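> Residue numbers (this note's numbering), protein chains in the order written: chain W, 1 to 132; chain E, 1001 to 1132; chain H, 2001 to 2132.
Errors might be hidden in some of the hints.
Straight-line C-alpha distance at most 16 Å; calculated EDC-like pairs for lysine to aspartate or glutamate [stated by the list, open to error]: (1) W:K2 x W:E22; (2) E:K1002 x W:E22; (3) E:K1025 x E:D1005; (4) H:K2002 x H:E2034; (5) W:K2 x H:E2034; (6) W:K2 x W:E34; (7) E:K1002 x E:D1053; (8) W:K2 x W:E29; (9) H:K2025 x H:D2005; (10) W:K25 x W:D55; (11) W:K2 x H:E2029; (12) E:K1002 x E:E1022; (13) E:K1025 x E:E1078; (14) H:K2002 x E:E1034; (15) E:K1025 x E:D1055; (16) H:K2025 x H:D2057; (17) H:K2002 x E:D1107; (18) E:K1002 x W:D107.
Facing chain H, from chain E, some residues (calculated, C-beta under 8 Å) [to be verified]: (19) E1029; (20) I1036; (21) D1055; (22) R1060; (23) A1068; (24) G1109.
Think of the hints as simulated: they come from the structure by calculation, not from any bench. Note that the structure is predicted; figures quoted are calculated from it, not measured. Cβ atoms here follow ideal geometry from the backbone N, Cα and C, with glycine treated the same way.
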Amino acid sequence: MKIGDIPVETSERYQLVSITDEVNKTVREAGVGEGICVISSTHTTAAVTVNEDYDRDVPRDLAAACRAFLEALDVCFEHDEGNSDSHFLTSLFGQSQTLLVRGGALDLGRWQGVFLAEFDGPRRRTVRVAVS
Amino acid sequence: MKIGDIPVETSERYQLVSITDEVNKTVREAGVGEGICVISSTHTTAAVTVNEDYDRDVPRDLAAACRAFLEALDVCFEHDEGNSDSHFLTSLFGQSQTLLVRGGALDLGRWQGVFLAEFDGPRRRTVRVAVS
Amino acid sequence: MKIGDIPVETSERYQLVSITDEVNKTVREAGVGEGICVISSTHTTAAVTVNEDYDRDVPRDLAAACRAFLEALDVCFEHDEGNSDSHFLTSLFGQSQTLLVRGGALDLGRWQGVFLAEFDGPRRRTVRVAVS
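Next comes chain W alone, as it looks inside the complex (with noise of 0.2 Å):
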């Protein structure tokens, strides 16, 4: 198994921030030509997603779309760092993401690509990929 970790910078609280470029880097470097590559956030208000990696306005809706849903929640929260909307789109994103690697490189969709959501920014993320 070969593991590299990406590191990466958030500006805002709820954001998408691609890192398929950074993700398949790491493929390529492992040397592994077909196999399993988990993709996998080590924070628990930080997720890790697969989705439109090509028109610049997905990542942002899917951050209008988790805005809304959590501002009509009708919910009061008792954890005291204020940021239990983060840790409920965490577990409703997934901590990781599971891909194929084929021919040496992520074996992605035509638009598919890796996200790092970030739901309590701005901060400073890692991200862990596995490659098997």
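With chain W fixed as given, assemble chains E and H onto it according to the hints.
What follows is chains E and H alone, placed relative to chain W:
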């Protein structure tokens, strides 16, 4: 790693289509006794999910819940294809699912099955199954 | 592949129960130094999620967010067991999570832990842990 593609044709905008039999067929043909099976959507507006594959009302209710959720969401999307709802639901359900293979078959719980979750149909979709 | 089953008993309808210690015990007993750990719910109304396993308010707030979300959802379900909400949340949280194993233990971030996410309790549940 053995890889097979499953074609799926959907007929509604939001629709869960069982692919349990097709995935199991791919797993049996792979000839792997014990291992891991990754079932991926190659799309950004359709997901893969594991849920009850017995009572036909369950996948219908899941699609109904998605419709009610998105209809109530007060958000103005910018992506001009008009399917940001589909991208959002795909990230929530997840682009892929990982299941175990035991005894040469999918290791599913009593009521579990695998579904393509269509969020921008009707369309022709491809689900990729990798067994290792 | 080493496989272990973890029994979990839940006491509320929506409840996140930490299984971090039990999963780590299973991983240590598997004797795998480096690899992948798949943690699966064998059920269709309970999920597995990775989130903060430090402040007890976080899992409580996650359950509260789920309750507020589903109570506000204006939908008429057809499934006559009356637990379509549980099926929906299971698909949103995810039936399984994939973590890395390093140094013979789960490779978790500082605050991360593993939870069974009960959405139709109280019940006796089984979580399957596979290490390879």
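> Now, for every hint given, state plainly whether the structure supports it.
How the hints compare with the structure:
no. : hint              : in the structure
1   : W:K2 x W:E22      : holds (15 Å)
2   : E:K1002 x W:E22   : violated (27 Å)
3   : E:K1025 x E:D1005 : holds (11 Å)
4   : H:K2002 x H:E2034 : holds (13 Å)
5   : W:K2 x H:E2034    : holds (10 Å)
6   : W:K2 x W:E34      : holds (13 Å)
7   : E:K1002 x E:D1053 : violated (25 Å)
8   : W:K2 x W:E29      : holds (9 Å)
9   : H:K2025 x H:D2005 : holds (11 Å)
10  : W:K25 x W:D55     : violated (22 Å)
11  : W:K2 x H:E2029    : violated (23 Å)
12  : E:K1002 x E:E1022 : holds (15 Å)
13  : E:K1025 x E:E1078 : violated (41 Å)
14  : H:K2002 x E:E1034 : holds (10 Å)
15  : E:K1025 x E:D1055 : violated (22 Å)
16  : H:K2025 x H:D2057 : violated (25 Å)
17  : H:K2002 x E:D1107 : holds (14 Å)
18  : E:K1002 x W:D107  : holds (14 Å)
19  : E1029             : violated (20 Å)
20  : I1036             : holds (7 Å)
21  : D1055             : holds (6 Å)
22  : R1060             : holds (6 Å)
23  : A1068             : holds (4 Å)
24  : G1109             : holds (3 Å)
Violation of the numbered hints given earlier is confined to hints 2, 7, 10, 11, 13, 15, 16 and 19; the remaining hints are satisfied by the structure.
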